[in-house]
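Chains as they are written, first to last, in the numbering used here: chain A, 1 to 365; chain B, 1 to 93; chain C, 1 to 472.
Hints are computed from structural coordinates only; laboratory data are not their basis.
Keep in mind that a hint or two might mislead.
Using C-beta positions, here's what the derived DEER-type ranges look like [unchecked claim]:
{"hint": "1", "chain 1": "B", "residue 1": "Ala45", "chain 2": "A", "residue 2": "Arg267", "range": "51 to 57 Å"}
{"hint": "2", "chain 1": "A", "residue 1": "Thr2", "chain 2": "C", "residue 2": "Ala333", "range": "55 to 61 Å"}
{"hint": "3", "chain 1": "A", "residue 1": "Arg260", "chain 2": "C", "residue 2": "Ile236", "range": "48 to 54 Å"}
{"hint": "4", "chain 1": "A", "residue 1": "Ala205", "chain 2": "B", "residue 2": "Ala45", "range": "46 to 52 Å"}
{"hint": "5", "chain 1": "C", "residue 1": "Ser383", "chain 2": "A", "residue 2": "Gly176", "range": "50 to 56 Å"}
{"hint": "6", "chain 1": "C", "residue 1": "Asp462", "chain 2": "A", "residue 2": "Glu351", "range": "30 to 36 Å"}
{"hint": "7", "chain 1": "C", "residue 1": "Ala203", "chain 2": "A", "residue 2": "Arg260", "range": "50 to 56 Å"}
{"hint": "8", "chain 1": "C", "residue 1": "Ser2", "chain 2": "B", "residue 2": "Ala35", "range": "39 to 45 Å"}
{"hint": "9", "chain 1": "B", "residue 1": "Gly47", "chain 2": "C", "residue 2": "Asp257", "range": "24 to 30 Å"}
{"hint": "10", "chain 1": "A", "residue 1": "Ala76", "chain 2": "B", "residue 2": "Pro24", "range": "26 to 32 Å"}
{"hint": "11", "chain 1": "C", "residue 1": "Ala203", "chain 2": "B", "residue 2": "Pro8", "range": "37 to 43 Å"}
{"hint": "12", "chain 1": "C", "residue 1": "Arg212", "chain 2": "A", "residue 2": "Arg267", "range": "34 to 40 Å"}
{"hint": "13", "chain 1": "A", "residue 1": "Ala76", "chain 2": "B", "residue 2": "Arg18", "range": "22 to 28 Å"}
If the Cβ cut is set under 8 Å, some of the chain C residues that face chain A in the computed set are [stated by the list, open to error]:
{"hint": "14", "residue": "Pro374"}
{"hint": "15", "residue": "Asn375"}
{"hint": "16", "residue": "Ala397"}
{"hint": "17", "residue": "Gly399"}
{"hint": "18", "residue": "Ala406"}
{"hint": "19", "residue": "Pro445"}
{"hint": "20", "residue": "Pro451"}
{"hint": "21", "residue": "Val455"}
{"hint": "22", "residue": "Phe459"}
{"hint": "23", "residue": "Leu472"}
Every residue gets a Cβ at the ideal spot worked out from N, C-alpha and C, and that includes glycine.
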Amino acid sequence: MTRPWDIAVVGGGIMGCATALGLAEGGMRVVVLDKGDLCQGASGVNAGTLSLQIKRVSLMDYALRGHELWEAMGDAVGFRKTGGYTLAFTPREAALLEERQTLKRAAGAPITFVSPKAVWAAEPGIADSVVAASYCPEDGYANSSLTGAYYRARLTEAGIAVRVRCPVEGVEASAGSFALATPDGPVRAARLLLAGGAWLAPLAAMLGVDLPVRARVNTVSVTEAMPALFSTVIGHATGLLTMKQKPNGTVLIGGGWQGRGTPDAGRGQVSADTLAPNVALACHAVPALQDARLLRSWTGFEANVPDFYPLAGALGGVEGAYVLGCVRGGFTIGPYLGRLMADLILGRAPERPLFDPNRSFEGDT
Amino acid sequence: MSRTADTPAPVRITFDGRDYDARPGESLAAALLRAGVPATTQRHAPGPARGAFCWMGWCQECRVRHRGRWVEACRLTVYDGLTAEARRAADVR
Amino acid sequence: MSAETDIAVLGAGPAGGAAALAAAAGGARVVLIDEQAHPGGQVWRKKDVDLPGLAETPETCAGARLRGDLEASGATFLGGTRLWHIERVEGGWRLHLLTRGDRAETLTARAAILAPGAREFVQPFAGWTTPGVYGLAGATALMKSQGCPPGRRSVVAGGGPLALFAAAEILRLGGEVAAVATPNGRGDWLRCAPILAANPALARRGAELIARIRRAGVPILWRHVVTRAEGDRALIRVHAAPCGAEWAPTGAARAFDADALCVGHGLIPNVDVAVLAGLPRVYDADRGGWVVEAGPDGRTALEGLFLCGDGAALRGAETAARAGAGTGQAALADLRGTPAPPPAPRRPDLRARFGRAMTALARPRPGLLRLTRPNTVVCRCESLTRATLDAAIDAGAAGLDALKSATRCGMGPCGGRYCLTAAARLIEDRTGAAEGTVPPPVPRPPLFPLPVAAVAAGFDYDDLPIPAPAPL
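Please work from the sequences and hints to get the whole structure.
Below is the structure:
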């Protein structure tokens, strides 16, 4: 029998890969297993928005560090720092914008309020019905579909074993070691990190732990290549729109509109009932989008727990088992949380606090 | 093109700045093909040329700009006065 | 606009047309949907232009009969209409349509019969993006609907009877044919002799086609494949080389001056709608590659969803029409809660055997991969070459989702229809995986480039359903 791995990371998304890299750097022998392929879940299908304007106030520090890490990844992940506007079209939205962005600004995001005139001067394609806006020069995007190829290359360089199309079908925990059942045979490891995104709950259940993980079914759409319409990341005061035009001219439209389906049923479905208003909202912000053609819409499962804060830490009651996931804004923050997790597992003190997965969720909805 | 008394009168269309005759009922792509223009990308631009390929509205190679929007030339029925712009060769990545 | 009906039939070719007729004959409300302006599908297409003096063919006659029957039936025909999404709803299926004039509409049906037919597979080869190079089935559709040959002087290339039909059609429409190149050998056809003998009408038709081609002095190159299309802004020359039994080129190519090349390497069942609706795919080369399971009466694993015709298994128009009628009856029976009609007697069906034999002649063989050179464009939309894809595969993109993500292969406006089948074979070849082990990605709506204006139309900003903002 081969020597057990120091750690098995279950789930090859951004969280799992980023942690695996930190662990390998710290000297551990690491294997990453994914039931599909690297970054083909939420990590690879989200809209790629890197916007401080849509981050939670208490996660702003983490998001700022996340932005730095994405910037360092650079062209390999299609990183662009474009700046971003968040738009309000009614007085009610303007009030919401002011309240929320003031708090985020206080939390350290360099957000300023700008006049509609300033918006139109910078972005002539934006509708003349804007009544208020905020701007953040740190905002931009990365190309989520490149994350898989990026991490595959990094993991390979780091000598990390990668097993794709390799679902974990069972876990046996015994004194200081785990045996994972997979179609390719058992995988033995001294430690275990669960980073299975929307599929975390069934993984934790294999260890007898009940995690209240739910999944949102976020819809993203892309248009055919268009002439230059706008150059920044555009959002909406309610958070129901994120939009960017890529260097190839295609426009990516997101905003968390809900499709249907559940992770255990395998895949989500686009709902025409929510796709239509999502696209209509995009046209409301940039009217020239009316002339575009929609090429594809798809969904990704975004995991969360009732308080919408991350699960990041040791799993109570199971020696050597850890969990990382359920991060709101996980695309932005994931690479940084991965570093912190690696420090925790390596026995070093993480530079920022993590998020105890064993906390109580009672009272949260 | 010879015309008999039974043949309906042609319609006039403009593509990529040039005028052509077309048969009522035919598609823009077919009209261009009969006129000896298999490419639906710009005539005088450097870069690769593309044109109708699948003739079923799927491959998108024959897409042209019509009334400000992309349409498949093989699915666009001609009408008198139809004007369409060629896809820029530079857009063929 | 939204409407409802008992049975929606998607695709008005031989299968869908027969299904609509059968269901309407039983008194059900039937809506028959097709992207063409008239029923008929690819095989029984109606001419879109008025060309006096052009003789009828067995296909135009069959099409005219179907159109007449549908006209007299109670079925409603929705032409010029494409489906961009399908969703399961309480008690049926919701079809999201783009109708004439780019209007988005929905149709909710208690049962949906999918008769989507097949699309063409073309193995990427040097110069296949040159204007003047056409899909063989596409060029055939062009001739049927527009009544014009694909060029002044054409080369026709492909397996099975379609290449012979297309060549004869070009001649009939006044075009010249420089050569017919078919990867089939004479022996392939000889092996079909018993089946042809049992179908005298179809055999006679084939003999007539070949006689017409011969009379025109057109060379028929058996066991040949087109290796290269030459030309910059337009096709000027076509190179065809001898090939082996697995269709890999084996010898020196001959060149033919031509301004049109009609080339196809078999058909692929259109399963996108069925998969989008939630049905799994299985690989079955005999039925046409990645297919969806449907019973002889068209029933699928999903309630109220039926599939028939070439979209279920490539068997040709005659078989499709019979399957369509049975499917229409089964859908009607389910709707009424009456027992389904007894299954058609399982007597040896000569037409099905004929369809199967013809499909086998055209089925792409593995040697075709050799046509795709390192610098050959595979993904037309994104202009990605085989070398680019091979590099990504070597770097670990061993599935189509990973290959798409890493390279954008299949992410252009055609939705991967003209590259992903070839890309899957590249992966299989490069990684040593068996044929049919790299599944295509799940199709994503819209199934074709959908005008944003259509889907966003009718929304008033004040009516936008805006839920509570995200937690701070």
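I want to verify a distance hint. Is the separation of the beta carbons of Ala76/A and Arg18/B within 22 to 28 Å? 45 Å, violated
Is 48 to 54 Å right for how far apart the beta carbons of Arg260/A and Ile236/C are? Holds, since Arg260/A and Ile236/C (Cβ atoms, about 52 Å apart) stay within the stated range.
Given Asn375/C as an interface hint, is the shortest Cβ-Cβ distance to chain A below 8 Å? 22 Å, violated
Tell me if the beta carbons of Ala205/A and Ala45/B are separated by a distance inside 46 to 52 Å. Violated - the Cβ-Cβ distance for Ala205/A and Ala45/B, about 60 Å, lies outside 46 to 52 Å.
Cβ-Cβ distance between Ser383/C and Gly176/A: within 50 to 56 Å? The hinted range 50 to 56 Å holds for Ser383/C and Gly176/A, with Cβ atoms some 54 Å apart.
A closest beta-carbon separation below 8 Å is what the hint needs, so does Pro451/C meet it against chain A? 6 Å, holds
State, for the Cβ atoms of Thr2/A and Ala333/C, whether the hinted interval 55 to 61 Å holds or is violated. 59 Å, holds
Can Phe459/C be said to touch chain A, with a Cβ gap under 8 Å? Given a least distance of 4 Å, the restraint on Phe459/C holds.
Would you check whether Val455/C satisfies its interface hint, that is, whether its CB is within less than 8 Å of any CB in chain A? 5 Å, holds
Interface hint compliance - Ala397/C to chain A, C-beta minimum distance less than 8 Å: Given a least distance of 7 Å, the restraint on Ala397/C holds.
Minimum Cβ distance from Gly399/C to chain A below 8 Å? 6 Å, holds
Honestly, do Ala45/B and Arg267/A meet the 51 to 57 Å range at C-beta? 41 Å, violated
Comparing the model with each numbered hint stated earlier shows that hints 1, 4, 6, 10, 12, 13, 14, 15 do not hold.
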